[in-house]
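Trainee: Just so you know, the sequences run in chain order A and B. Using my numbering, the first residue of the first sequence is number 1, and each one after it goes up by one. Using my numbering, the first residue of the second sequence is number 1, and each one after it goes up by one.
Hints are computed from structural coordinates only; laboratory data are not their basis. For every residue, glycine included, the Cβ atom is placed at its ideal position computed from N, Cα and C. Check the hints yourself; a few may be wrong.
Said to hold, decoys possible - A short list of chain A residues far from chain B (calculated; beta carbon distances all over 10 angstroms): (1) R31; (2) A34; (3) L57; (4) E76; (5) E102; (6) S107; (7) E112; (8) E113.
As the list claims (entries may be wrong) - If you want the footprint, here are the derived chain B segments under chain A, 3+ residues with CB under 8 angstroms: (9) 81–88; (10) 440–454.
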Amino acid sequence: MWTRAVWQGLRASAGGRRGFPSKADPQGSRRVTAELIEHLERLALVDFGSQEAVARLEKAIAFADRLRAVDTDGVEPMESVLEDRCLYLRSDNVVEGNCAEELLQNSHRVVEEYFVAPPGMCCPKWLNRLSHTKLRMQ
Amino acid sequence: MWWRLGYEDHVGPDPPRSEWNCLLRAQGGREDSRSPCSRGRGVPRPACILVSAALKQGRVTPTELCQRCLSLIKKTKFLNAYITVSEEVALKQAEESEKRYKKGHSLGDLDGIPVAVKDNFSTAGIETTCASNMLKGYVPPYNATVVQKLLDQGALLMGKTNLDEFAMGSGSTDGIFGPVKNPWSYSKQYREKRKQKSHGILAGHDPKDSTTIQDPVKPFTLPSLTDMSKLCIGIPKEYLTPELSSEVQSLWSKAANLFESEGAKVIEVSLPHTSYSIVCYHVLCTSEVASNMARFDGLEYGHRCDIDVSTEAMYAATRREGFNDVVRGRILSGNFFLLKENYENYFVKAQKVRRLIARDFVNVFNSGVDVLLTPTTLSEAVPHTEFIREDNRTRSAQDDLFTQAVNMAGLPAVSVPMALSSQGLPIGLQFIGRAFCDQQLLTVAKWFEKQVQFPVIQLQELMDDCSSIFENEKLASVSLK
Numbered sequence: 001m002w003t004r005a006v007w008q009g010l011r012a013s014a015g016g017r018r019g020f021p022s023k024a025d026p027q028g029s030r031r032v033t034a035e036l037i038e039h040l041e042r043l044a045l046v047d048f049g050s051q052e053a054v055a056r057l058e059k060a061i062a063f064a065d066r067l068r069a070v071d072t073d074g075v076e077p078m079e080s081v082l083e084d085r086c087l088y089l090r091s092d093n094v095v096e097g098n099c100a101e102e103l104l105q106n107s108h109r110v111v112e113e114y115f116v117a118p119p120g121m122c123c124p125k126w127l128n129r130l131s132h133t134k135l136r137m138q
Numbered sequence: 001m002w003w004r005l006g007y008e009d010h011v012g013p014d015p016p017r018s019e020w021n022c023l024l025r026a027q028g029g030r031e032d033s034r035s036p037c038s039r040g041r042g043v044p045r046p047a048c049i050l051v052s053a054a055l056k057q058g059r060v061t062p063t064e065l066c067q068r069c070l071s072l073i074k075k076t077k078f079l080n081a082y083i084t085v086s087e088e089v090a091l092k093q094a095e096e097s098e099k100r101y102k103k104g105h106s107l108g109d110l111d112g113i114p115v116a117v118k119d120n121f122s123t124a125g126i127e128t129t130c131a132s133n134m135l136k137g138y139v140p141p142y143n144a145t146v147v148q149k150l151l152d153q154g155a156l157l158m159g160k161t162n163l164d165e166f167a168m169g170s171g172s173t174d175g176i177f178g179p180v181k182n183p184w185s186y187s188k189q190y191r192e193k194r195k196q197k198s199h200g201i202l203a204g205h206d207p208k209d210s211t212t213i214q215d216p217v218k219p220f221t222l223p224s225l226t227d228m229s230k231l232c233i234g235i236p237k238e239y240l241t242p243e244l245s246s247e248v249q250s251l252w253s254k255a256a257n258l259f260e261s262e263g264a265k266v267i268e269v270s271l272p273h274t275s276y277s278i279v280c281y282h283v284l285c286t287s288e289v290a291s292n293m294a295r296f297d298g299l300e301y302g303h304r305c306d307i308d309v310s311t312e313a314m315y316a317a318t319r320r321e322g323f324n325d326v327v328r329g330r331i332l333s334g335n336f337f338l339l340k341e342n343y344e345n346y347f348v349k350a351q352k353v354r355r356l357i358a359r360d361f362v363n364v365f366n367s368g369v370d371v372l373l374t375p376t377t378l379s380e381a382v383p384h385t386e387f388i389r390e391d392n393r394t395r396s397a398q399d400d401l402f403t404q405a406v407n408m409a410g411l412p413a414v415s416v417p418m419a420l421s422s423q424g425l426p427i428g429l430q431f432i433g434r435a436f437c438d439q440q441l442l443t444v445a446k447w448f449e450k451q452v453q454f455p456v457i458q459l460q461e462l463m464d465d466c467s468s469i470f471e472n473e474k475l476a477s478v479s480l481k
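Just chain A, with the same shape it has in the complex (with noise of 0.2 angstroms):
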């Protein structure tokens, strides 16, 4: 039968080979810097919050370490699975709308027909943070 022969034969080559990547490098091959830190915070406009959460983006990146083994040479990057065929274009007419009171109704702050967002980059406080020219510079 099949099976037994093939689960032997199986057993014995996952014994002496890591199928699994189970333990991931605790201390990985970057260390994430406070600079670091404060640009992905900027990017992403969440808090790292906590030592453990770097810890964890640390683990994180070491897990994707584990990529650089595999051998990508001439291999084209996919985007998608679907990457052989035309993205599907709707005719260009109006079928539904005209629902702006309906959407208003689930925001925090609206005047009228507006969103009411607060100062953004032309408030003068924001000219002089540092990682934002920083950021410009890079």
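Chain B: place on chain A using the hints.
Mentor: Using the frame of chain A, we list chain B on its own:
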């Protein structure tokens, strides 16, 4: 034991109405639930087919069914499976369904059937939270296409079910409403997440989603498999990992034997890049998350903080308050991989590895294999206390190991429960089909399902055992940040 095996002789009359005390009824079988081979007198019939037939014949009304379902939901509240129960909506829908049946104008097989929808699908007029503070209180003005299709068929929407925050996780433990309890063992809190495509009336092109395929989809039935000799089942050797539990391995082996004994060709195949699949998924998934979650800024919908100094400060605080650690962690990881200096080495590299993974599957299917048979998870569900010892990312990497590859390769897959473990917890196996060959895949899966006769959970006994224990229990894990 909370499950009872017997079987129903489906050539006889259906049971009287008094036995419809829960949707999931006991079904027939042999004493030993772990034996996958069935030589019984009858075959089990899925509950919803029986219910649909009963509705059509007028032996039960949609309202009655709806009320019993609502009652069951109330009695099993300790499972924490629901975030929102839409009682009024469901009863109204039931009333309309009843009118349709009386006139003989039912909308189809799903008319009057109670369904629940995971809380990350938009439901018009019904709160949709994604188990996150970011969307707590958010009431969408539209239905997700999948939801609309269910409602168009007359299904009754019972409510929205619990999940990990934004479905980021593998155990339904990390949402703001607390973990979901596993009904198979109230002390084991782990619910498996499936990433398979839905089918039947839910398939096809969505004009509101330009990435859906335009090929026409005709509803199909699943024939019985009579001639197994033309079927080729592939067993990918790389899925036999050292971490795979012996119980799962044993069931996988039994399943392969079953197919072979019935005449199918069962061969070992290779998917060489399997061990990199989960890493690839991790990079691509977090990168997409970094982009997708950018929509949550507090301006147009969802949570908004009180800070008004600047847009950036407002966005940052809103997102800090709205997202949990898991979501924030994925956003930050994704942003890391998308940095200019990392883009080639991580994101584009992962895209290249994705092509290799997709190619692996193509090669296997081109060699004559019809369907692949693999485990779904490494082991049975682990106890909550053990599950939370590792962080969400580690658990997801372990638990999604076998099921995420098909997402990257764009293939249909289905998980079928096979047997209960020695602890009484379900163990299932995964079938992976060729692209767009859903009918063949489901036909094979249906045949397998009939063979293994997986026991149906006895919810009535579960409720009797557990409800008194949990009556006064406060779910300590529910913490609203």
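Trainee: All hints, please: hold or fail.
Mentor: Hints, verified against the model:
The non-interface label for R31 (chain A) is consistent with chain B: the shortest C-beta to C-beta separation is roughly 13 angstroms, beyond 10 angstroms. The Cβ of A34 (chain A) lies farther than 10 angstroms from every Cβ of chain B, with a closest approach of about 14 angstroms, so its non-interface assignment holds. Interface exclusion of L57 (chain A) from chain B breaks down, the closest Cβ pair being 6 angstroms apart, not more than 10 angstroms. Against the 10 angstroms criterion, E76 (chain A) falls within the reach of chain B, whose nearest CB is about 6 angstroms from its own CB.
At roughly 4 angstroms, the least C-beta separation between E102 (chain A) and chain B is not larger than 10 angstroms, which violates its mark as non-interface. Against the 10 angstroms criterion, S107 (chain A) falls within the reach of chain B, whose nearest CB is about 5 angstroms from its own CB. Its beta-carbon lying about 15 angstroms from the closest one in chain B, E112 (chain A) satisfies the requirement of being farther than 10 angstroms from that chain. For E113 (chain A), the shortest C-beta to C-beta distance to chain B comes to about 12 angstroms, beyond the 10 angstroms cut-off, and the non-interface label holds.
Residues of the region 81–88 of chain B lying with their CB closer than 8 angstroms to a CB of chain A number 0, which falls below the three-residue condition for coverage. For a cut-off of 8 angstroms, the count of residues in the region 440–454 of chain B with a CB near a CB of chain A stands at 0, and the three-residue condition is violated.
Violated hints for the displayed structure, listed by number in ascending order: 3, 4, 5, 6, 9 and 10.
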